[in-house]
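2 protein chains.
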Amino acid sequence: MTMKLHCFAESGNAYKAALALELAELEWEPVFVDFFAGETRTPEFRALNPMGEVPVLVDGDITLSQSGVILDYISSKTGKLGGTSADERREVLRWIFFDNHKVSGVAGPLRFNMNFLPEAKRNADVNGYMAARLASALKVMNTALADREWLVGNGLTIADISCAGYLFYSEPFTFERADYPNIDRWLISIAATPGWQHPYDLMPAPTVGQDLRS
Amino acid sequence: MTMKLHCFAESGNAYKAALALELAELEWEPVFVDFFAGETRTPEFRALNPMGEVPVLVDGDITLSQSGVILDYISSKTGKLGGTSADERREVLRWIFFDNHKVSGVAGPLRFNMNFLPEAKRNADVNGYMAARLASALKVMNTALADREWLVGNGLTIADISCAGYLFYSEPFTFERADYPNIDRWLISIAATPGWQHPYDLMPAPTVGQDLRS
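Residue numbers (this note's numbering), protein chains in the order written: chain A, 687 to 900; chain B, 687 to 900.
Hints are not guaranteed to be accurate.
For chains that are exact copies, the list does not tell them apart, and a pair is met inside one copy or across any two.
[Stated by the list, open to error] Derived EDC-like pairs: lysine to aspartate or glutamate, alpha-carbon spacing no greater than 20 angstroms straight-line:
| no. | residue 1 | residue 2 |
| --- | --- | --- |
| 1 | LYS807 | GLU857 |
| 2 | LYS763 | GLU774 |
| 3 | LYS690 | GLU777 |
| 4 | LYS766 | GLU713 |
| 5 | LYS766 | ASP745 |
| 6 | LYS763 | ASP773 |
| 7 | LYS690 | ASP747 |
| 8 | LYS825 | GLU730 |
| 9 | LYS763 | GLU715 |
| 10 | LYS690 | ASP773 |
| 11 | LYS825 | GLU725 |
Note that these hints are calculated values from the structure, not bench results.
Next comes chain A alone, as it looks inside the complex (with noise of 0.2 angstroms):
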């Protein structure tokens, strides 16, 4: 049965999902949630996941949320992109909680601050604290990426895909490619996959995602 993946195109952590379905090579179709017409707060939704989040996946009778957990099942259901050996697994799920953390974690909210907001809700304060939270966590990804091709092992993993999430978007959110070399190469080696496509291309977006595209 075809996996569905609850999602917008605009949503980095659904993103991390549907990246990851598309690379484990899975029969999935996207289910278009409407995030900025409030869906995520209905009672309909938040039947499908209290949390009220996306990404949600539901294969079979298994419905799953969290970005984290969704790239943990693929990888474990697959045997794909989840690293060689215990070492590697631990290693990747720890950039996976790392970028929940402190990447995705501070980049999404913040770049939904700086696009989608109502301008008159937008504080520079804000703004400008979430900035340098990002920054010191991308400082730390550009160091460690400086003498390795991808963050675990010698391949793409889930931990690649998770960190490298939000950093596709263009819309502006303080990250500049050029202040991190290590991560601009980085995100080069990830887009060069085979089957990887961009978040506009890969989920459904009705409302803005078309003009927003890079």
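Place chain B on chain A using the hints.
The following block gives chain B in isolation, referenced to the frame of chain A:
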């Protein structure tokens, strides 16, 4: 060989690891990290953990960081605190990601800003923004706990330990137990578990810890 946990008492993320080690009845000892004197930014500490964070768990030749990875390791090593089926283990991981992303990932910086940052650097807009994000995540947790004693399954798991980590600290960070009655009841259950200890009793804090105990 006794495991070593590099930690300091004020860190909720370190507390999660320390409490799980204690409740899983493992032999461990704390190694004090003088975070407030800048130790996590030294080359020596970065050699131990390039991410520059506590906790770090050293078990023989295995060195782990990120509390979520350490919790998963403790549970896998002992067969304790991790749920009783594949479904439960995925659900446990989901809550740990939710915690990193939205509970501890916000409560940690907010508590730091409100208590440990010099007063001149505190910013009401930033803290108000973080407080609103934290309240939103705590509301999801409070709702999830409305009809269940533990976050996953029928007993305490590392999901509870992760999500509760910061909530036992008494320094103000806008969390009031009275606002979240199901969380309050759940914290009482966790604290009643044999072996439970308050973070300021479980980890070293020569500088300020003992003064801050609730």
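Hint-by-hint comparison with the structure:
Proximity of LYS807 to GLU857 under the C-alpha cut-off of 20 angstroms is restricted to the intra-copy arrangement: shortest distance 18 angstroms within a copy versus 29 angstroms between copies. In the homo-oligomer, the alpha carbons of LYS763 and GLU774 lie at most 20 angstroms apart both inside one protomer (17 angstroms) and across protomers (16 angstroms), since each shortest distance falls under that limit. Within a single copy, LYS690 and GLU777 get their C-alpha atoms only as close as 28 angstroms, which misses the 20 angstroms cut-off; across copies the closest is 19 angstroms, which meets it. With identical chains, the CA atoms of LYS766 and GLU713 are at most 20 angstroms apart within one copy only, with a shortest distance of 15 angstroms there and 35 angstroms across copies.
With identical chains, the CA atoms of LYS766 and ASP745 are at most 20 angstroms apart within one copy only, with a shortest distance of 17 angstroms there and 28 angstroms across copies. Within a single copy, LYS763 and ASP773 get their C-alpha atoms as close as 19 angstroms, and across copies as close as 14 angstroms, so both meet the 20 angstroms cut-off. Taking identical chains as interchangeable, the C-alpha atoms of LYS690 and ASP747 lie at most 20 angstroms apart only when both belong to the same chain, with a minimum of 11 angstroms there against 41 angstroms between chains. Taking identical chains as interchangeable, the C-alpha atoms of LYS825 and GLU730 lie at most 20 angstroms apart only when they sit on different chains, with a minimum of 18 angstroms there against 40 angstroms within one chain.
In this assembly of identical chains, the alpha carbons of LYS763 and GLU715 lie at most 20 angstroms apart only when taken from the same copy (17 angstroms versus 37 angstroms across copies). Only between protomers do LYS690 and ASP773 lie at most 20 angstroms apart by alpha-carbon distance; the minimum there is 18 angstroms, versus 31 angstroms within a single protomer. In this homomeric assembly, LYS825 and GLU725 come within 20 angstroms of each other (Cα to Cα) only across copies, at 18 angstroms, whereas the closest approach inside a single copy is 35 angstroms.
In the structure shown, no violation is registered for any of the earlier numbered hints.
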